[in-house]
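Q: Here are the chains, one letter per residue:
Number of protein chains: 2
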Amino acid sequence: MKRISIYDSTLRDGAQAQGISYSVEDKVKIVERLDALGVRYIEAGNPGSNPKDLEFFERVRGMKLKNAKLIAFGATRKIGIKAEDDGNVRSILAASTSAVAIFGKSWDYQVTEILRTKLDENLRMIGDTIRHLKQQGKEVVYDAEHFFDGFKANPDYALATLKAAADAGADSLCLCDTNGGTFPNDIFAITQKVVEQFRTPIGIHCHNDCEMAVANSVMAVQAGATQVQGTINGIGERCGNANLIAIIPDLQLKLGFECIPPQNMAGLTTLARAVSEIANMPLNEKAAYVGADAFAHKGGMHVDAVVKNPVSYEHIDPELVGNSRRTLMSEVAGRSTLLARIRAVDPAIGKDSPETRKIIDRLKSLEHEGYHFEAAEQSFELVVRKMLGKYTPFFELIEFKVMVNEPSADSMNSSAMIKIRVGSEVEITAAEGDGPVNALDKAVRKALERFYPAIAEIRLTDYKVRVLDSKEASAAKVRVLIESTDQRENWTTIGVSTDIIDASWQALVDSIEYKLVKDQEKRPTPQPPPRGRG
Amino acid sequence: MKRISIYDSTLRDGAQAQGISYSVEDKVKIVERLDALGVRYIEAGNPGSNPKDLEFFERVRGMKLKNAKLIAFGATRKIGIKAEDDGNVRSILAASTSAVAIFGKSWDYQVTEILRTKLDENLRMIGDTIRHLKQQGKEVVYDAEHFFDGFKANPDYALATLKAAADAGADSLCLCDTNGGTFPNDIFAITQKVVEQFRTPIGIHCHNDCEMAVANSVMAVQAGATQVQGTINGIGERCGNANLIAIIPDLQLKLGFECIPPQNMAGLTTLARAVSEIANMPLNEKAAYVGADAFAHKGGMHVDAVVKNPVSYEHIDPELVGNSRRTLMSEVAGRSTLLARIRAVDPAIGKDSPETRKIIDRLKSLEHEGYHFEAAEQSFELVVRKMLGKYTPFFELIEFKVMVNEPSADSMNSSAMIKIRVGSEVEITAAEGDGPVNALDKAVRKALERFYPAIAEIRLTDYKVRVLDSKEASAAKVRVLIESTDQRENWTTIGVSTDIIDASWQALVDSIEYKLVKDQEKRPTPQPPPRGRG
Numbered sequence: 003m004k005r006i007s008i009y010d011s012t013l014r015d016g017a018q019a020q021g022i023s024y025s026v027e028d029k030v031k032i033v034e035r036l037d038a039l040g041v042r043y044i045e046a047g048n049p050g051s052n053p054k055d056l057e058f059f060e061r062v063r064g065m066k067l068k069n070a071k072l073i074a075f076g077a078t079r080k081i082g083i084k085a086e087d088d089g090n091v092r093s094i095l096a097a098s099t100s101a102v103a104i105f106g107k108s109w110d111y112q113v114t115e116i117l118r119t120k121l122d123e124n125l126r127m128i129g130d131t132i133r134h135l136k137q138q139g140k141e142v143v144y145d146a147e148h149f150f151d152g153f154k155a156n157p158d159y160a161l162a163t164l165k166a167a168a169d170a171g172a173d174s175l176c177l178c179d180t181n182g183g184t185f186p187n188d189i190f191a192i193t194q195k196v197v198e199q200f201r202t203p204i205g206i207h208c209h210n211d212c213e214m215a216v217a218n219s220v221m222a223v224q225a226g227a228t229q230v231q232g233t234i235n236g237i238g239e240r241c242g243n244a245n246l247i248a249i250i251p252d253l254q255l256k257l258g259f260e261c262i263p264p265q266n267m268a269g270l271t272t273l274a275r276a277v278s279e280i281a282n283m284p285l286n287e288k289a290a291y292v293g294a295d296a297f298a299h300k301g302g303m304h305v306d307a308v309v310k311n312p313v314s315y316e317h318i319d320p321e322l323v324g325n326s327r328r329t330l331m332s333e334v335a336g337r338s339t340l341l342a343r344i345r346a347v348d349p350a351i352g353k354d355s356p357e358t359r360k361i362i363d364r365l366k367s368l369e370h371e372g373y374h375f376e377a378a379e380q381s382f383e384l385v386v387r388k389m390l391g392k393y394t395p396f397f398e399l400i401e402f403k404v405m406v407n408e409p410s411a412d413s414m415n416s417s418a419m420i421k422i423r424v425g426s427e428v429e430i431t432a433a434e435g436d437g438p439v440n441a442l443d444k445a446v447r448k449a450l451e452r453f454y455p456a457i458a459e460i461r462l463t464d465y466k467v468r469v470l471d472s473k474e475a476s477a478a479k480v481r482v483l484i485e486s487t488d489q490r491e492n493w494t495t496i497g498v499s500t501d502i503i504d505a506s507w508q509a510l511v512d513s514i515e516y517k518l519v520k521d522q523e524k525r526p527t528p529q530p531p532p533r534g535r536g
Numbered sequence: 003m004k005r006i007s008i009y010d011s012t013l014r015d016g017a018q019a020q021g022i023s024y025s026v027e028d029k030v031k032i033v034e035r036l037d038a039l040g041v042r043y044i045e046a047g048n049p050g051s052n053p054k055d056l057e058f059f060e061r062v063r064g065m066k067l068k069n070a071k072l073i074a075f076g077a078t079r080k081i082g083i084k085a086e087d088d089g090n091v092r093s094i095l096a097a098s099t100s101a102v103a104i105f106g107k108s109w110d111y112q113v114t115e116i117l118r119t120k121l122d123e124n125l126r127m128i129g130d131t132i133r134h135l136k137q138q139g140k141e142v143v144y145d146a147e148h149f150f151d152g153f154k155a156n157p158d159y160a161l162a163t164l165k166a167a168a169d170a171g172a173d174s175l176c177l178c179d180t181n182g183g184t185f186p187n188d189i190f191a192i193t194q195k196v197v198e199q200f201r202t203p204i205g206i207h208c209h210n211d212c213e214m215a216v217a218n219s220v221m222a223v224q225a226g227a228t229q230v231q232g233t234i235n236g237i238g239e240r241c242g243n244a245n246l247i248a249i250i251p252d253l254q255l256k257l258g259f260e261c262i263p264p265q266n267m268a269g270l271t272t273l274a275r276a277v278s279e280i281a282n283m284p285l286n287e288k289a290a291y292v293g294a295d296a297f298a299h300k301g302g303m304h305v306d307a308v309v310k311n312p313v314s315y316e317h318i319d320p321e322l323v324g325n326s327r328r329t330l331m332s333e334v335a336g337r338s339t340l341l342a343r344i345r346a347v348d349p350a351i352g353k354d355s356p357e358t359r360k361i362i363d364r365l366k367s368l369e370h371e372g373y374h375f376e377a378a379e380q381s382f383e384l385v386v387r388k389m390l391g392k393y394t395p396f397f398e399l400i401e402f403k404v405m406v407n408e409p410s411a412d413s414m415n416s417s418a419m420i421k422i423r424v425g426s427e428v429e430i431t432a433a434e435g436d437g438p439v440n441a442l443d444k445a446v447r448k449a450l451e452r453f454y455p456a457i458a459e460i461r462l463t464d465y466k467v468r469v470l471d472s473k474e475a476s477a478a479k480v481r482v483l484i485e486s487t488d489q490r491e492n493w494t495t496i497g498v499s500t501d502i503i504d505a506s507w508q509a510l511v512d513s514i515e516y517k518l519v520k521d522q523e524k525r526p527t528p529q530p531p532p533r534g535r536g
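Sequences listed follow chains A and B, in order.
All residue numbers for the first sequence refer to my numbering, where the first residue is 3 and numbers rise by one.
All residue numbers for the second sequence refer to my numbering, where the first residue is 3 and numbers rise by one.
This is chain A alone, in the form it adopts within the complex (with noise of 0.2 Å):
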């Protein structure tokens, strides 16, 4: 099996991409995340360009990867000035990556009239500034900017640039489409032409502009290429990169390339929904094989026929890539997950218990008020020990307040006031926030840890707004995501409604609950609420 280096830039090239601002954290969320799916290269920032990228890369130099290098991107070195002296070329050589890629010129007319000098320096910029990092000992990946117009304008050149790179000691030569205007037969045709010239492997890296990235990168390869960049879910500039979560699969499992390990490909769904919370860019739900759409069927017709035989309207089986199809969701793919999260709770249930049945039908009704608990499985969890009586109530809410005032004396503007029941126990007690959540969290936790003093190991360690129906604009829906620790175990709590507050309130709720559940369980006989205080 010819194995594919699958070359992500979602860090670098998709940071390109409007309403994109990852912080230091969340790229390296997405590293641990692609190096666990099996890339090859993560192109992870441009040092030269922008310093936040430095901080990362001197942030992840301890990082252990299983499967992936790190690359810091980059131009060649200036005109007329020694690679070694040449800041970009010392920005990406202290970034310290055993990689690098670095973009030159391969249209004459880029280097004529935007560049401005001749085509011979362009020449030796690629070349001297490659010679220069492979002295250093790096691996090097070059990027053939508007390699295919350069291509259709004058091959003589554009090849005499791929000439000077592999010369130089280029590792692999990356045909790029920088505009994204190129059709699959050219892509064909010219990489099928330099593969045939060059021993150096030829690597892809398309746009959509298009809308034929998936198309030509998957082209470029049977002609030869042998590396493909693009990024998760096709994040990129414009209308975007190639989509390496529709063309993994593509040359995989239809084929025969193995692009990333074979027993990560049922992670590929999980993969690109991560991805697109941390980016904070919703999923588009049509997306090729990892959408909720993608094997969703509607039509009567359809729908039987898929029951015969899912050959009819699949074109794969979508547990390969970990989604699953939709109208049969209870009835086949969903259901051995669902059911071990539900044996997690009560290893009695089965799998055609009445109440597995009941516990779809819950799942499937919430999914639909917008509840998303692939992110939140700790609240799922609470749904179905609630569902199977495996459940007694903390406590009980009479009632909050939250108030916040504009102009505010300190940072302080936001004030709650709670009031609890516990057991046969009332307490109220009332907390200062910096914005009316933070109060209620602070007033919650303050009323609940004379009971349960457990609670102050809970840290609250992320906090994530999604709108939902954004159309409706100031009363449209939200999901909040809570992400809790107390140092020996990390859990997520979602909440959804119309007011923050109170999809904030749910999501802290379940937070708190799950702690206790689970500590409850680790000490079989829990003690009795302390009385007489307060």
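Keep in mind the hints are simulated off the structure, nothing from the lab.
Some hints could be false.
For identical chains, the list gives no copy identity; a pair is met inside one copy or between any two copies.
As the list claims (entries may be wrong) - Subject to a maximum C-alpha distance of 25 Å in a straight line, what follows is the list of computed BS3-like cross-link-like pairs (lysine-lysine):
(1) K353 x K256
(2) K448 x K403
(3) K421 x K403
(4) K366 x K479
Position chain B against the provided structure of chain A, taking the given hints into account.
A: Leaving out everything else, chain B in the frame of chain A:
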């Protein structure tokens, strides 16, 4: 110039998409738009399977179309009965369109395992149905379902089904990649073989399950197909149908085919947006050709090069399809982008004016705090106006208080009290809402409307929340983006704060002020606020 028949199925195959539910009015509006664009065929419904579609065909019987023919769609006759006695065939005729489309099976497996009939009977079903429709004077399009899968499994039988249709008088034969699993090279090779064997015009109908539907459609045309079926924006079941909004310019602007009258090409962006509004399926802003991001540039180097010459990073001139170039503000944006924005406020400002430097410094410091002006150009305009002294405040906030109560008597769990000053007058008022932001939004408009009646024209159309540095959990910074419209213009404003109420407040105020500023500029003598009320 070779003509390509564009065959739109937004109303028929598009109606299979998750979330689509057209009213008869919606369908009429879409027909008018498609006809104005100049498509050749509009497949508008399946009267045999959907009684609402029959109502629609009755409704449009008198419509005068300039360019398009309406098509009623349905299956071949059932097994073992005469075409003239088949209920579905009768429904197609009842639609009274001059052209009809009939689909039949081409894959031997589908005939024997799904239809459960003999291969010969399937050929007769195709032939009989088409002959009957031709006898009724109809133009007949034959859709060969699963053609590519069928051809791969049994090419002789797949071709025999086409021959049955052609011999019965079909006016065109459309090859369908029903499951969307076929690759561009196979589409090309198989279409080419069919084109060589038949004199009847050949069509192509693709689905996007491998994210290749556009490329596949284009490859089929390059192989000799002359009819292209698809939908506007790719609306369709699962991953969608082939997207005509990309295919039309791909073929017409880049390969020289004529799909629509050339003078209509500049209407493509408007059409895509209109259909997306009517269908209530938000347009993907990264859509090829027509998305708001399709010609948006963010990286400073790209922006500078695009200013020097657009061909550097644009595959076509955006005006050809009625779209426009956007340069995005951000830390990576070049100075030229900013200068254009600043000059829109004050044309006297130059590249080296001290104001330009000050504005850039301010922009950098705001972006560092988490503002993101590439998505909120109107908030940035207000920043520039304030710095250039081109701004007089419309009102002053004295205070607001927002209260959230749980439990609440009804869905209005939040209330907001607000006190503002306009000139020498003070207004205090309050409003209830579904959530605190909704309550505050209503209260501030209520307070201001008597001074500025134009505020009543503002409608908030989108509300987005992004948590920054989400590791700080419930005290994390949030960024709020609000989109507003007054039916003449849309604008986006931003707020950033650790408190979601405060961030929303900033964005709300900017939205109102932007509206008032732009109205003021159109009427240079603003009306003084009415006095003596309240």
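Q: Compare the structure with each hint and give your call.
A: Consistency of the hints with the structure:
In this assembly of identical chains, K353 and K256 lie within 25 Å of each other by CA distance neither inside one copy nor across copies; the values are 32 Å within and 54 Å between. In this homomeric assembly, K448 and K403 come within 25 Å of each other (Cα to Cα) both inside a single copy, at 15 Å, and across copies, at 24 Å. In the homo-oligomer, the alpha carbons of K421 and K403 lie at most 25 Å apart both inside one protomer (9 Å) and across protomers (21 Å), since each shortest distance falls under that limit. When the C-alpha separation of K366 and K479 is checked against a cutoff of 25 Å, the pair qualifies only within one copy, where the shortest distance is 18 Å, while the shortest distance between copies is 33 Å.
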